[in-house]
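Undergrad: Residues per chain are reported as follows:
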Amino acid sequence: MAREPLPPANAHPPRRIRVGDGPLARFLLIGTVLLVTALVLVAPLLAIFAEAFRHGMGAYAASFAAPDTQYAIGLTLFTALIVVPINVGFGIAAAWCIAKFRFTGRNLLVALVELPFSISPIIAGVAYLFVYGAQGLLGPWLAEHDIKIMFAVPAIILASLFVTAPFVARELIPLMIAQGSEEEEAAVTLGAGGWRILRLVTLPNVRFALLYGAALCNARVMGEFGAVSVVAGNIRGQTNTLPLQIELLYQDNNAVAAFAVATLLTLVALVTLVAKAIIERLDAARVKAQGKPGH
Amino acid sequence: MNRVIPGLPLSLGITVLYLSLIVLLPLGALVWQALDVGWERYLAIMSGARTMAAFRITLSTAALATLFNCIYGLALAWVLVRYEFPGKRYLDALVDVPFALPTAVAGLALSALFAKNGWFGGPLAQIGIEVAYTPLGIAMAMAFTSIPFVVRTVQPVLEDLAADVEEAAATLGASDLRIFARIIFPAILPAFLTGASLGFARSLGEFGAIIFIAGNLPLKTEVVSLLTFIRIEEYDYPAAAAIAATLLGFAFVMLFLVNMIQLWQQRRIGTGD
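From first to last, the protein sequence lines are chains V and U.
Residues 1 to 295 (the UniProt record's numbering) are what the first sequence spells out, left to right.
Residues 1 to 273 (the UniProt record's numbering) are what the second sequence spells out, left to right.
Quick caveat, the hints were computed from the structure, so don't treat them as lab data.
Positions of the beta carbon are idealized from the N, C-alpha and C atoms, including for glycine.
Which residues of chain V face chain U? A partial, calculated answer using Cβ under 10 Å:
| hint | residue |
| --- | --- |
| 1 | 36 |
| 2 | 121 |
| 3 | 137 |
| 4 | 189 |
For each label pair, taking beta carbons as the anchor points, the in silico distance ranges come out as:
| hint | chain 1 | residue 1 | chain 2 | residue 2 | range |
| --- | --- | --- | --- | --- | --- |
| 5 | U | 126 | V | 89 | 52 to 62 Å |
| 6 | U | 83 | V | 102 | 39 to 49 Å |
| 7 | V | 102 | U | 175 | 42 to 52 Å |
| 8 | V | 31 | U | 165 | 21 to 31 Å |
| 9 | U | 38 | V | 154 | 26 to 36 Å |
| 10 | U | 218 | V | 178 | 43 to 53 Å |
| 11 | V | 36 | U | 257 | 24 to 34 Å |
| 12 | V | 18 | U | 257 | 28 to 38 Å |
| 13 | V | 57 | U | 24 | 41 to 51 Å |
| 14 | U | 39 | V | 32 | 43 to 53 Å |
| 15 | U | 220 | V | 31 | 31 to 41 Å |
| 16 | V | 26 | U | 257 | 29 to 39 Å |
| 17 | U | 253 | V | 36 | 23 to 33 Å |
| 18 | U | 163 | V | 154 | 54 to 64 Å |
Make the full structure from the sequences, and use the hints.
TA: Rendered as C-alpha cells:
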C-alpha cells in the first residue's frame with residue numbers, strides 16, 4: 001500500500017468544524033441570503049429591463065429619438081467629461097499630501113475629503129443655491145457681472161464636483177499609505193523630480209485603484225439626482241441630465257421611455273461593477289507576483 | 001515621515017483650495033443662511049406640524065431600514081466570508097449594486113416592483129400589505145440604497161478573525177450560538193456599528209430613491225430631504241436653510257459617532273483585547 005505523503009511543514013492542522021459549518025446552518029444561511037438577495041438586489045435590475053421592453057424593441061428604441069432625451073444624454077456625458085478628470089486630479093493631489101507627508105491638521109484634512117459622502121445630496125444642492133443663487137453669498141456680484149451659474153450647466157458641474165469629490169481620493173489614500181514611500185525616496189536619490197516620480201513611480205503603482213475610483217466617480221456623476229435636481233431647475237432641453245429626464249418622463253406617464261433611459265444608467269452601473277471585478281482580479285494576480293499591496 | 005519627497009506645498013495647496021471652494025464655501029453659506037434665520041424663527045419652522053412629521057417619518061423609516069440591513073448585511077457578510085459555493089463571486093459583486101446604480105433608477109425600479117400590478121405589489125396586496133405610497137415604501141428605498149454599508153465594514157473584520165479562539169471555545173464544549181454571541185459578535189461589533197451608523201446617516205439624507213415610491217403626501221409620507229426641496233421650490237429659503245442645516249447637524253452627529261466607535265475599536269486593539 002502506498003504511504004500517504006507527508007503534509008508540508010507549514011500545513012494547517014486538520015480544520016475543526018467552525019461556528020456555522022454544520023450542514024443545516026450552512027444550507028439555511030446560504031439559502032436565505034440568496035433568496036433575499038434575489039428579491040432585493042436582482043429583482044429591481046430585472047424590473048428595469050422588463051418595463052423598458054414591455055412594448056417591444058421598437059418602443060424601446062423610439063424612446064431615444066426624443067430630442068429632450070438626446071440632449072440629456074449629451075449633457076450627462078459632457079458633465080462627466082469635465083467632472084471626472086477634475087476629481088481625478090484632486091484625488092491624486094489629496095492622496096499625495098496625505099499619504100506621503102505628516103503635518104498638523106492631516107486628520108482633519110482626511111475627514112474633510114470624506115465629508116461629501118456623509119452629506120445628503122439635497123443639502124449639497126441647497127448649499128450651492130445659497131452661494132450662487134440670486135439671494136446667495138455671491139448672487140448680487142454674479143448678477144452685476146451677468147454671470148449665470150445657478151439653474152444652468154455650471155451649477156450642475158459644481159454640484160457634481162461636490163458629490164463625487166471623495167471617490168478617487170478615498171481609493172488612493174489607504175493604498176498609497178500601505179505601499180509606503182521607499183520607491184519614491186529611491187527615485188529622489190537618483191535625481192528624479194516630483195512630476196517624474198508621480199508619473200513613473202507612484203501612479204503606475206496605484207493604477208488599478210485610480211481606474212476604479214474614476215469609474216465609480218463617473219457612475220455617480222452620471223447618476224446624481226438630488227443635488228442636481230436642486231441646482232438645475234429642471235429646464236427641458238437645457239438643464240436636464242439623464243436622471244432628471246427619467247423623473248420627467250415618469251411624471252409625464254411615459255413609463256416605457258423612463259425605463260428605457262434608466263437602462264442606460266443601469267448599464268453604466270453594471271459596467272462599473274464588472275470593471276471593479278476585473279481590476280480586483282488583475283490586482284490579486286499582481287500581488288501574488290510581487291507580494292505588494294495593490295488595489 | 002520624510003522631507004525628501006517633493007510636492008507637499010503644491011499638493012497640499014491644491015487640496016485645501018479645492019476643498020475650500022467646492023465643499024467648505026457652500027456648507028459655510030448654508031450655515032450663514034441658517035444663522036440669518038434667527039433662533040425664534042428657527043424654532044417656529046422646526047416645530048411646525050409638517051416639519052415635525054417629516055423628521056418623525058424620516059427617523060423612523062431610517063431606523064427600520066437600518067434594522068433590516070443589520071440583519072441582512074450581517075448574514076450576507078457571514079455567508080461571503082465563511083462559505084464556499086457556486087456563484088459566490090457574483091453575489092459579492094451584487095452587493096455594490098446600490099452604490100453604482102443611480103438612486104433615481106433604484107426608485108423607479110422599486111416603484112415598478114411594488115406597484116399594484118407589480119411583481120411584488122400584486123401578491124403583497126392580496127395579503128393586505130401595501131408598500132408603495134406608504135412609510136414601508138420609504139423604508140424599502142432607504143434599505144436598498146444602504147445595503148453595502150454593513151456588509152463592506154463587517155466583511156474584512158470577519159475575514160481577519162482567527163479560528164483558534166473559536167476552536168478553543170468549541171473544544172471546551174461551547175455551543176455555536178454561545179461562541180457567536182460571546183466571541184465572534186463582540187469582535188465584529190465596532191465594524192458592525194460603524195456600518196449601521198453609516199447606513200443610517202445615508203438613509204436620513206436619501207432623496208432620489210424615495211420620491212418615486214413614497215407618494216410624498218405631507219404629514220404622511222414626506223421625508224425631510226423632500227420637504228427641503230419643496231421649500232426651495234416655494235422660494236421659502238429661511239425654512240429650507242433651517243431644515244437643511246438641521247439635517248446637516250444630524251450628519252455631523254453620525255460622523256462623530258462613527259469616529260468615536262473607531263477610537264473605541266483602536267483602543268481595544270491597543271490593549272490586546
